[in-house]
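There are 2 protein chains.
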Amino acid sequence: MSRGTLLYAQSGGVTAVINATASAVIAEARAKKIKVLAARNGILGALREDLIDTSKESAASIAALAHTPGGAFGSCRYKLKSLEADRAKYERLLEVLRAHDVRWFLYNGGNDSADTALKVSQLAEEFGYPLTCVGVPKTIDNDLAVTDTCPGFGSAAKYTAVSVREAALDVAAMAETSTRVFIHEAMGRHAGWLAAAAGLAGENPDDAPQIILLPERAYDEAAFLAKVKQVVAKVGWCVVVASEGIHTADGRFVADAGGAADSFGHTQLGGVASYLAGRVKAELGYKVHWTLPDYLQRSARHVASKTDWEQAQAVGKAAVRFALEGRNSVMPVIVRTSDAPYRWKIEAAPLSKVANHEKKMPAGFIRKDGFGITGKARRYLQPLIRGEAPLPWGRDGLPKYVTLKNVAVAKKLPDWEG
Amino acid sequence: MSRGTLLYAQSGGVTAVINATASAVIAEARAKKIKVLAARNGILGALREDLIDTSKESAASIAALAHTPGGAFGSCRYKLKSLEADRAKYERLLEVLRAHDVRWFLYNGGNDSADTALKVSQLAEEFGYPLTCVGVPKTIDNDLAVTDTCPGFGSAAKYTAVSVREAALDVAAMAETSTRVFIHEAMGRHAGWLAAAAGLAGENPDDAPQIILLPERAYDEAAFLAKVKQVVAKVGWCVVVASEGIHTADGRFVADAGGAADSFGHTQLGGVASYLAGRVKAELGYKVHWTLPDYLQRSARHVASKTDWEQAQAVGKAAVRFALEGRNSVMPVIVRTSDAPYRWKIEAAPLSKVANHEKKMPAGFIRKDGFGITGKARRYLQPLIRGEAPLPWGRDGLPKYVTLKNVAVAKKLPDWEG
Numbered sequence: 001m002s003r004g005t006l007l008y009a010q011s012g013g014v015t016a017v018i019n020a021t022a023s024a025v026i027a028e029a030r031a032k033k034i035k036v037l038a039a040r041n042g043i044l045g046a047l048r049e050d051l052i053d054t055s056k057e058s059a060a061s062i063a064a065l066a067h068t069p070g071g072a073f074g075s076c077r078y079k080l081k082s083l084e085a086d087r088a089k090y091e092r093l094l095e096v097l098r099a100h101d102v103r104w105f106l107y108n109g110g111n112d113s114a115d116t117a118l119k120v121s122q123l124a125e126e127f128g129y130p131l132t133c134v135g136v137p138k139t140i141d142n143d144l145a146v147t148d149t150c151p152g153f154g155s156a157a158k159y160t161a162v163s164v165r166e167a168a169l170d171v172a173a174m175a176e177t178s179t180r181v182f183i184h185e186a187m188g189r190h191a192g193w194l195a196a197a198a199g200l201a202g203e204n205p206d207d208a209p210q211i212i213l214l215p216e217r218a219y220d221e222a223a224f225l226a227k228v229k230q231v232v233a234k235v236g237w238c239v240v241v242a243s244e245g246i247h248t249a250d251g252r253f254v255a256d257a258g259g260a261a262d263s264f265g266h267t268q269l270g271g272v273a274s275y276l277a278g279r280v281k282a283e284l285g286y287k288v289h290w291t292l293p294d295y296l297q298r299s300a301r302h303v304a305s306k307t308d309w310e311q312a313q314a315v316g317k318a319a320v321r322f323a324l325e326g327r328n329s330v331m332p333v334i335v336r337t338s339d340a341p342y343r344w345k346i347e348a349a350p351l352s353k354v355a356n357h358e359k360k361m362p363a364g365f366i367r368k369d370g371f372g373i374t375g376k377a378r379r380y381l382q383p384l385i386r387g388e389a390p391l392p393w394g395r396d397g398l399p400k401y402v403t404l405k406n407v408a409v410a411k412k413l414p415d416w417e418g
Numbered sequence: 001m002s003r004g005t006l007l008y009a010q011s012g013g014v015t016a017v018i019n020a021t022a023s024a025v026i027a028e029a030r031a032k033k034i035k036v037l038a039a040r041n042g043i044l045g046a047l048r049e050d051l052i053d054t055s056k057e058s059a060a061s062i063a064a065l066a067h068t069p070g071g072a073f074g075s076c077r078y079k080l081k082s083l084e085a086d087r088a089k090y091e092r093l094l095e096v097l098r099a100h101d102v103r104w105f106l107y108n109g110g111n112d113s114a115d116t117a118l119k120v121s122q123l124a125e126e127f128g129y130p131l132t133c134v135g136v137p138k139t140i141d142n143d144l145a146v147t148d149t150c151p152g153f154g155s156a157a158k159y160t161a162v163s164v165r166e167a168a169l170d171v172a173a174m175a176e177t178s179t180r181v182f183i184h185e186a187m188g189r190h191a192g193w194l195a196a197a198a199g200l201a202g203e204n205p206d207d208a209p210q211i212i213l214l215p216e217r218a219y220d221e222a223a224f225l226a227k228v229k230q231v232v233a234k235v236g237w238c239v240v241v242a243s244e245g246i247h248t249a250d251g252r253f254v255a256d257a258g259g260a261a262d263s264f265g266h267t268q269l270g271g272v273a274s275y276l277a278g279r280v281k282a283e284l285g286y287k288v289h290w291t292l293p294d295y296l297q298r299s300a301r302h303v304a305s306k307t308d309w310e311q312a313q314a315v316g317k318a319a320v321r322f323a324l325e326g327r328n329s330v331m332p333v334i335v336r337t338s339d340a341p342y343r344w345k346i347e348a349a350p351l352s353k354v355a356n357h358e359k360k361m362p363a364g365f366i367r368k369d370g371f372g373i374t375g376k377a378r379r380y381l382q383p384l385i386r387g388e389a390p391l392p393w394g395r396d397g398l399p400k401y402v403t404l405k406n407v408a409v410a411k412k413l414p415d416w417e418g
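Order-wise, the sequence lines are chains A and B.
So for the first sequence, UniProt numbering puts the first residue at 1; every next one is plus one.
So for the second sequence, UniProt numbering puts the first residue at 1; every next one is plus one.
Watch out, some of these pointers could steer you wrong.
Identical copies go unnamed one by one, so any copy, or any two together, can satisfy a pair.
[Unchecked claim] Keeping only pairs whose Cα atoms sit at most 25 angstroms apart, straight-line, the calculated DSS-like set for lysine-lysine is:
| no. | residue 1 | residue 2 |
| --- | --- | --- |
| 1 | LYS411 | LYS353 |
| 2 | LYS360 | LYS89 |
| 3 | LYS79 | LYS287 |
| 4 | LYS81 | LYS287 |
Source of the hints: derived by calculation from the structure; they are not laboratory data.
The whole structure should be built from the sequences, with the hints applied where relevant.
Here is the structure:
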């Protein structure tokens, strides 16, 4: 007789290490003789009863998953509304879980996903269905409440700091006759964590990036241009890191790429660097180059942080443990116990404290002039990019990433008419 | 009595490994007891008599230079015209070389720089000044004639192939409810080498990148959109790599970022991916993400190719050897002697055969439909991204890059009134 199955799903934007979490979840459950199903494309796969039997994957594939970026089972941007508004969907979800004897549901995502996991657990309770729901943290935005940091962030932060340090050496070499100003656009809708991490690239006041623009501070064009001019006069060139989410004092995004909104109601951003480059060129006359790394910054497993990679696995392992212990509606969070030496542990936090919250950078992390980070921010951020996560390279000069078989489980229910 | 000095200068866009060449030049010259001066900001430093005494740098710094991206002595975009048109500048150059007893001039750059080195050598001969001029190849564009490949290209190629492979895993995970099409913009004004190298990211026809747009083929929007639609229908998503230099049949660049031209008369490009993204969204309705890596692709020493890194050092070492042997107006070039196993050697080529030529991709490297590379291209490109160039990482999670002291040599001449 079945002891029950564990359902794992990935949600929202993927990261360089979300599969490391998946790998840890599957390995830990296998060790406990628990069968793991994965929903294809996140919660949508659960609604559609489109489930993957991870027992068809070899141990080698599951191990390789730990160093493969992207989302191995597919992710989704699909937000369930309140229990009242989306009741039919929640009930369908429960029906699918029941049909496949799912006793443990692990949802790996950001704050929207924590909210979904919480609601599923509430409905299961209402129906008297024995289900343990555990949220598993993931987001390069680092904006989840309670947890000290979010798996995925440290690697994107390392990518950003390394890239900015490298590009700055390029700009410094070209500045005399060519590019004077370089602008790097970092992801981050409402919280500037990733842009802030670029600050780790420099150690002294004149080191790049000399200017960081954060969504936590209103964008003031005159002040920005004056600062660029001042840096170029002193250093000879200037590197700017701008968060995609910066906005003016009246709340308007500095660059809104067409205004299309995704199904979460988020506007699709991008184009801040391009906009700023145009302003610098027009007002100050400097030659400007700019970069929009976009998905490269969150999928760059080749430069992933070891700290981040270890934490991504730790939350996966802990999530399975919490689930099997029946700790319902919780999320394994990272608790920092010491900055130097850097020490951390995993604890369980109630999902209700994580769901739908957004953690912005504390005011004490932002320099008074608004264009950089403080020593306090540096002490917080520094350990997160430490170490290089192991990665096997092929003889062809490319990382050895795995593609899973993703064998579908036979359906037991009628098609979903979502 | 002085045995004469060797002057080294960097020119044009810098790369992840041009400093590896510089490191090899200095180390080789030191071994031969030859003093090396470096011109600050390329040929401009020579004209201004702004020279750096590299003997002030420690052996450790010169060794660290081998893994530091950017241009350690500064580069420039400054093209000298013909001997007739810029006679005064060439004569000033000779005056500076003579004042500092420069007997060997090594100019590290692309085809414009090869032309400058050639002209300096012609003028020296005319004046009876004993000078040996050697061009040293460098360009991520891979468009120099004669040499099998150009130092700098292999690392940018590896960055591009790795980034595209990683981003494709991200897109594949998101495609069901979000991004269907991802567009990566690669550098390359007139030759599509770098965009072509992205083709190494995939092995099978449906692997990313499913579409590569090269400047060697006219951009045909209808055919491009039809291909995107076809790939999305079959694979579920599509990754496009577009060379910044693609143009329509009538020769117009697909995206011209404002039309500003640099001092070489090159238009400043950038914006192809953004333009294509807009067209795909408008015509096909897919959600699109795009990336413009810009300087990140040429400064990413953290993911440099070992082949490229070794070749960058080999041309530096050979350049010193050729110079000391008095082989005037030559450039060390890479000669491939075997594809599998990959074997190469260095030979000397006359600068006249390199200067002002531009090597495009052979027709046999481009797939018949124009959207991908052939097996022949793959056999050529594959060895160039092989191996991971060694890189020391700091305990802070960042690569250990060196900043030289760059101590100026005392001036002996009146200021240049350029």
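Checked hints:
no. : hint            : result
1   : LYS411 - LYS353 : neither (35 angstroms within a copy, 68 angstroms between copies)
2   : LYS360 - LYS89  : neither (32 angstroms within a copy, 56 angstroms between copies)
3   : LYS79 - LYS287  : between (43 angstroms within a copy, 17 angstroms between copies)
4   : LYS81 - LYS287  : between (47 angstroms within a copy, 23 angstroms between copies)
In summary, the structure is inconsistent with hints 1 and 2 from the numbered list given earlier, while agreeing with the others.
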